[in-house]
Amino acid sequence: MKRVLKKIFLPCTVATEMIEKDIYFKLSALEKLRLFLHTGLCGLCHRYQKHSRLLHRILMELHHEHEHPQAPKEEEQTALKEKITNRLEKN
Amino acid sequence: MSAAKGAVTGHHAIIREWVQLYTNGMYAWAYHKTTDKALAEDLVQDTFLAALQSFDKFKQESQPKTWLFSILNNKISDHFRQQFRHPVVNEAEGGLSFFFDEEDEWRKERSPQAWNTTDTHILDNPDFRKILQHCMHLLPGNWLAAVKLKYLEEKEGKDICQDLQITPSNFWQIMHRAKLHLRNCLEINWFKK
Numbered sequence: 001m002k003r004v005l006k007k008i009f010l011p012c013t014v015a016t017e018m019i020e021k022d023i024y025f026k027l028s029a030l031e032k033l034r035l036f037l038h039t040g041l042c043g044l045c046h047r048y049q050k051h052s053r054l055l056h057r058i059l060m061e062l063h064h065e066h067e068h069p070q071a072p073k074e075e076e077q078t079a080l081k082e083k084i085t086n087r088l089e090k091n
Numbered sequence: 001m002s003a004a005k006g007a008v009t010g011h012h013a014i015i016r017e018w019v020q021l022y023t024n025g026m027y028a029w030a031y032h033k034t035t036d037k038a039l040a041e042d043l044v045q046d047t048f049l050a051a052l053q054s055f056d057k058f059k060q061e062s063q064p065k066t067w068l069f070s071i072l073n074n075k076i077s078d079h080f081r082q083q084f085r086h087p088v089v090n091e092a093e094g095g096l097s098f099f100f101d102e103e104d105e106w107r108k109e110r111s112p113q114a115w116n117t118t119d120t121h122i123l124d125n126p127d128f129r130k131i132l133q134h135c136m137h138l139l140p141g142n143w144l145a146a147v148k149l150k151y152l153e154e155k156e157g158k159d160i161c162q163d164l165q166i167t168p169s170n171f172w173q174i175m176h177r178a179k180l181h182l183r184n185c186l187e188i189n190w191f192k193k
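Quick mapping for you: the protein sequence lines, in order, are chains A and B.
Residue numbering for the first sequence follows UniProt numbering, beginning at 1 and increasing consecutively.
Residue numbering for the second sequence follows UniProt numbering, beginning at 1 and increasing consecutively.
Calculated directly from the structure, the hints in this document are not laboratory data.
Check the hints yourself; a few may be wrong.
[Unchecked claim] Per the computed footprint, the stretches of chain B lying under chain A, defined by three or more beta-carbons under 8 Å from a beta-carbon of chain A, are:
1) 69-79
2) 146-159
[Said to hold, decoys possible] Cut-off 20 Å, straight-line C-alpha distance, at most; resulting in silico cross-link-like pairs (SDA-like, lysine to any residue):
3) A:73 to B:34
4) A:50 to B:184
5) A:81 to B:71
6) A:73 to B:25
7) A:32 to B:168
8) A:90 to B:42
9) B:130 to A:55
10) A:81 to B:45
11) B:158 to A:60
12) B:65 to A:88
13) A:90 to B:16
14) B:192 to A:55
15) A:81 to B:20
16) A:83 to B:49
17) B:37 to A:74
18) A:26 to B:158
19) A:26 to B:173
20) B:65 to A:65
For each residue, glycine too, the CB sits at the ideal point set by N, CA and C.
Taking the hints into account, I'd like the entire structure generated from these sequences.
Set out below in structure tokens:
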């Protein structure tokens, strides 16, 4: 029965694609309903949705934090400054 | 010395001073955004060269640091735009059949498993960060570029599409495939352990 319902409401490939569409764009009311019904029936896609939303939040935070946890080493910085200064001289 | 030549020499001196003052911060920033040392170095160098060439556009009332970082951020975005258009092909399996069977259902061995976390504090863990970077760099170049552009610039989906000259469905299909792989890689290397 579940299998039949899933076929009617959406295949998992389309459902997971819609989960992404929902994050980056907007779903129509009908799409929302179909996705809601699918994730209600399909535990794996429901789980994927949770993971995908968490990943979205992680990626947002990762790219917008203002600390630099992996500061470059002192000697790398000195070498880079020298390299840039030399290149500037040639311009 | 002519006045023009004198001005150019003056520009050089100012930029040299900025190199000493701001290189560390800019390099750390570029590395943080790209996680590639050689690339971060190139981007910082290019930023200073661009600053020298367009020195006349620098408004003395603004902060040099702000100006340099805006050039650097443009360079970083340009890099990912370029990477999107001319991707380096890698090993990642692009087809959905890697995750789904012929009936379009999850393959058992690659289906999502329960994770023990639901919050982003996990980023405080340096080991997790390493795994995340590792997994991101396994993505094909253009997928990674699309992900980076989306999150670096915090743009709306439709603006990214315009920027990359792709259709919205192209964009969410790329994100779909990228996220499937990223999710799977994180699960294998982190959440399953």
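Tested hints:
| no. | hint | verdict |
| --- | --- | --- |
| 1 | 69-79 | violated (count 0) |
| 2 | 146-159 | holds (count 8) |
| 3 | A:73 to B:34 | 17 Å, holds |
| 4 | A:50 to B:184 | 13 Å, holds |
| 5 | A:81 to B:71 | 18 Å, holds |
| 6 | A:73 to B:25 | 12 Å, holds |
| 7 | A:32 to B:168 | 17 Å, holds |
| 8 | A:90 to B:42 | 16 Å, holds |
| 9 | B:130 to A:55 | 15 Å, holds |
| 10 | A:81 to B:45 | 9 Å, holds |
| 11 | B:158 to A:60 | 17 Å, holds |
| 12 | B:65 to A:88 | 18 Å, holds |
| 13 | A:90 to B:16 | 13 Å, holds |
| 14 | B:192 to A:55 | 16 Å, holds |
| 15 | A:81 to B:20 | 7 Å, holds |
| 16 | A:83 to B:49 | 12 Å, holds |
| 17 | B:37 to A:74 | 14 Å, holds |
| 18 | A:26 to B:158 | 10 Å, holds |
| 19 | A:26 to B:173 | 14 Å, holds |
| 20 | B:65 to A:65 | 18 Å, holds |
Hint check: a violation occurs at hint 1 only; the rest are consistent with the structure.
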